[in-house]
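Trainee: Sequence:
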Amino acid sequence: MLHTLTLAALRDGLARKEFSGRELTQHFLDRIQRFDGALNSFITVTADQALRQADAADAARARGNAHALAGIPLAQKDIFCTEGVKTTCGSKMLDNFISPYNAHVISQCEAAGLVMLGKTNMDEFAMGSSNETSYFGGVKNPWDTTKVPGGSSGGSAAAVAARLAPAATGTDTGGSIRQPASLCNLTGLKPTYGRISRWGMIAFASSLDQAGPMTQTAEDAALLLNVMSGHDPKDSTSIDQPVPDYTATLGADIKGLRIGLPKQYFGQGLDAGVEQVVRDALKELEKLGAVLVEIDLPNSGHSVPAYYVIAPAEASSNLSRFDGVRFGYRCENPKDLTDLYKRSRQEGFGAEVKRRIMIGTYALSAGYYDAYYLQAQKVRRLIQQDFAEAFKQCDVIAGPTSPCVAFGQGEKQSDPIAMYLSDIYTIATNLAGLPGMSIPAGFSHNLPVGLQLVGNYWQEARLLNVAHRYQQVTDWHTRLPEAYK
1 MLHTLTLAAL
11 RDGLARKEFS
21 GRELTQHFLD
31 RIQRFDGALN
41 SFITVTADQA
51 LRQADAADAA
61 RARGNAHALA
71 GIPLAQKDIF
81 CTEGVKTTCG
91 SKMLDNFISP
101 YNAHVISQCE
111 AAGLVMLGKT
121 NMDEFAMGSS
131 NETSYFGGVK
141 NPWDTTKVPG
151 GSSGGSAAAV
161 AARLAPAATG
171 TDTGGSIRQP
181 ASLCNLTGLK
191 PTYGRISRWG
201 MIAFASSLDQ
211 AGPMTQTAED
221 AALLLNVMSG
231 HDPKDSTSID
241 QPVPDYTATL
251 GADIKGLRIG
261 LPKQYFGQGL
271 DAGVEQVVRD
281 ALKELEKLGA
291 VLVEIDLPNS
301 GHSVPAYYVI
311 APAEASSNLS
321 RFDGVRFGYR
331 CENPKDLTDL
341 YKRSRQEGFG
351 AEVKRRIMIG
361 TYALSAGYYD
371 AYYLQAQKVR
381 RLIQQDFAEA
391 FKQCDVIAGP
401 TSPCVAFGQG
411 EKQSDPIAMY
421 LSDIYTIATN
431 LAGLPGMSIP
441 AGFSHNLPVG
451 LQLVGNYWQE
461 ARLLNVAHRY
471 QQVTDWHTRL
481 PEAYK
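Mapping of the sequence shown onto UniProt numbering: position 472 corresponds to residue 472, and the numbering continues sequentially without gaps.
No wet-lab data here; the hints were simulated from the structure. There is no bait here: all hints are sound.
No farther apart than 30 Å at their CA atoms in a straight line, the calculated lysine-lysine pairs in the DSS-like style are these:
(1) Lys234 with Lys86
(2) Lys342 with Lys412
(3) Lys263 with Lys378
(4) Lys263 with Lys287
(5) Lys335 with Lys354
(6) Lys412 with Lys92
(7) Lys92 with Lys354
(8) Lys392 with Lys287
(9) Lys354 with Lys86
(10) Lys412 with Lys263
(11) Lys485 with Lys17
(12) Lys354 with Lys412
(13) Lys354 with Lys342
(14) Lys378 with Lys392
(15) Lys283 with Lys392
(16) Lys342 with Lys86
(17) Lys263 with Lys283
(18) Lys92 with Lys234
(19) Lys255 with Lys283
(20) Lys335 with Lys92
(21) Lys287 with Lys255
(22) Lys378 with Lys354
(23) Lys255 with Lys392
(24) Lys392 with Lys263
What you are looking at is a predicted structure, and each value in this text was computed from that prediction instead of being measured.
With the sequences and hints as input, model every part of the structure.
Mentor: Now the structure itself:
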């Protein structure tokens, strides 16, 4: 079955001419049509464009000048501007926005000949941990459609988990690749801040946002990271540093690798079933020769409050451009300019986005900037220093990705604080700008559990190596929801 194959297997099958890019693309388009009504993982399906791209990839293969991944379909999160295609960011505010240009990530994928199946659903402006804040309705978890898939990249996670796409892109501001990857049994990687250009990625919190791959395996993540990474002169935060071949060191021995276990990640608030799965996964890594070391991240408890000052403050600034004047939603028959601004934003934004704009505006206002925003930035530096100290004692940090398995639809919507705490183990990585990933580690309550790995700056290859070695001796990443086999 084509949809059960990994990116690496699809690459090899295309090279051997076992199937064409068009056949592959049509297979996944058929699966989207058959299954996505129940999942709501896509906002836009670009079937005609996908088949044209597949035909172009097949032609390039026939000429002998195609990229190794040419003709392989993937889904793009609807946060990446895509020329000529509706780009909504999950919001009514951009429901009518057709992007006039491509985001850097889209351009990189097109240059490699990858085929875009469509744009995936997401929490509005990437603000959420459950994919329930989308203007286009919530996404369902393929493992149990009464549960959430995580967020904000929940559409991408659900699409890959149900094999409606072999891989997808996501973005991670406080865990939005890793948490849905954990809840949907995927490999999800957030690279070092600056590794992938943010050009054309609609901004939520500019100092935290980072794009990354969501795939079945670590090898697939390495293949897609090779495509997505690289310096972009149009993005001032993009790092001008060579991109290694992330597949080159996947099979390296991890004997003697020091894995740090933060004592703060295994305490109160962690579900007992999740902890057991993570402990069992760590034992597998020990069998491969890794050494477990207890470490201390004393300021990690402050990461959630610091994040929910910094991120809303940046969102308040970034989202001020959506005012009903230049593009996006505009209210009907405004009385004057003030009425245009107020009603366009009131009607165009959802409740969670409004909440974060208000928090951020308050934190940046005169008299409160020093008390909140400046203090949060100081805490951010302390968190960064904690990681720097920890990496003197270990090579990789490991722990749970999420404190619980996928929770029920609507279960936390009335309690924003409980929702925010879903990201308690992932947020610190974004505040420090470090690379992190989640890999399938087992099941608890019949739902997937992810193991989180965090590396030092630019150590994506090491994380992928550890993940790949783990996946060579386990089969959790091969498990599929019964209904989508």
